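Student: Residue numbers (our numbering): 139 to 458.
The set of hints was computed from the structure by calculation and includes no laboratory data. One thing to keep in mind: the hints can contain errors.
[Unchecked claim] Once the Cα atoms are required to be at most 20 Å apart in a straight line, the calculated SDA-like pairs of lysine to any residue come out as:
1) K198 with I389
2) K227 with E263
3) K188 with Y420
4) K393 with P187
5) K188 with E395
6) K188 with R399
7) K227 with G264
8) K401 with D385
9) K203 with K188
10) K198 with I322
11) K401 with D147
12) K198 with E395
13) K198 with G178
[What the hints assert, rightly or not] Label pairs and their computed distance ranges (CB to CB):
14) E395 with G225: 42 to 52 Å
15) N278 with S200: 41 to 51 Å
16) A254 with S218: 32 to 42 Å
17) W240 with K188: 41 to 51 Å
18) H349 with T450: 41 to 51 Å
19) L196 with S282: 37 to 47 Å
20) S185 with P244: 38 to 48 Å
21) S419 with E328: 12 to 22 Å
22) S419 with K398: 22 to 32 Å
Nothing here was measured: the structure is a model prediction, and the numbers come from that model. Built from N, CA and C at the ideal position, the CB exists for glycine as well.
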Amino acid sequence: MKKKCCMPDNDRGSGEQGPVSLACHWASATETDTVIIPGGRPVLGTSRPKIADDGEELRKWSQLKPFRLGISAVTNDQFSSFIQATGYKTDAERFGWSFVFWSDVPSTISLTRAVAELEWWRRVEGANWRDINGPGTASNIWHSDHPVVHVSWNDALAFADWCGGRLPMEAEWEHAARGGLGDIAYPWGEREPDDHNFLPCNIWQGQFPEHNTGADGYLTTAPAVSFSPNGYGLYNVAGNVWEWTADHFRIPSLKKEVQKRLKASRGYRVAKGGSFLCHRSYCWRYRIAARSSNSPDSSTSHMGFRVAFDITSQPEHDMS
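Kindly generate the complete structure, drawing on both the sequences and the hints.
Tutor: Set out below in structure tokens:
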């Protein structure tokens with residue numbers, strides 16, 4: 139079994155929240171912000187699972203209808219529009235803290251709390267989607283075109299509801315990420331990224347968690363629209379930030395260890411795509427079939443989301 143993924147559970151114990159109904163809804167996105175993903179019977183999972191106890195094996199799924207999906211994860215600028223229009227408070231803001239990777243914590247912040255078994259994650263008071271690494275850090279690292287982070291599943295759902303969309307199902311996410319290429323490992327095909335010469339996405343290069351060489355050009359997030367898109371025109375479905383999906387995390391397994399894990403993570407939601415902190419030596423979950431999960435009120439500096447839209451009418455307004 140692969141090591142525990144680098145995604146801490148905040149254990150806030152607040153429970154799952156339902157959809158947030160807001161008075162002002164953003165209109166559906168235009169073609170410049172989304173692409174139509176064709177319908178069909180999706181490949182869900184893979185015939186060559188790498189982390190079997192995560193439920194990566196092939197699973198049956200019914201026919202999918204065509205839908206629209208954001209070409210990228212939601213950006214800081216887009217999320218800022220939502221906040222300004224609604225006054226919404228994210229879970230990280232309401233609780234007063236979120237998780238930051240150890241090497242990104244500013245030297246001015248002296249007291250943080252490590253996470254058991256994931257000691258490279260630090261609980262930082264005042265970290266949120268604006269102040270990504272802690273109080274006063276927005277002016278240094280906040281970029282309008284980078285994906286918003288420190289957003290919980292509850293926050294992502296609230297944004298999607300506001301803009302007239304929804305979070306994609308896991309089957310939709312995988313179907314879209316494959317770009318029409320079937321049971322492939324990555325959005326570009328089968329070739330494995332390395333630390334030096336083949337750098338098709340924003341993941342970790344070097345020795346995790348001590349040293350990231352940044353060979354791909356980024357030590358943390360990259361712009362939401364960066365690197366080459368897949369066959370459907372989607373950017374960064376591998377690496378950059380984890381993306382929340384609508385689905386509960388389930389694994390079809392009778393193993394006692396897996397069942398115990400599922401019981402401990404009841405109510406968790408599926409996250410897909412990996413992040414800038416993934417590396418084959420530790421968290422080999424930037425593959426399309428790979429899966430992770432977290433509680434719906436958890437937030438970290440490497441978790442974001444993209445929005446799906448049902449095709450019911452012609453879009454009228456953009457997502458800015």
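Student: Failing hints, ascending?
Tutor: 9, 12, 17
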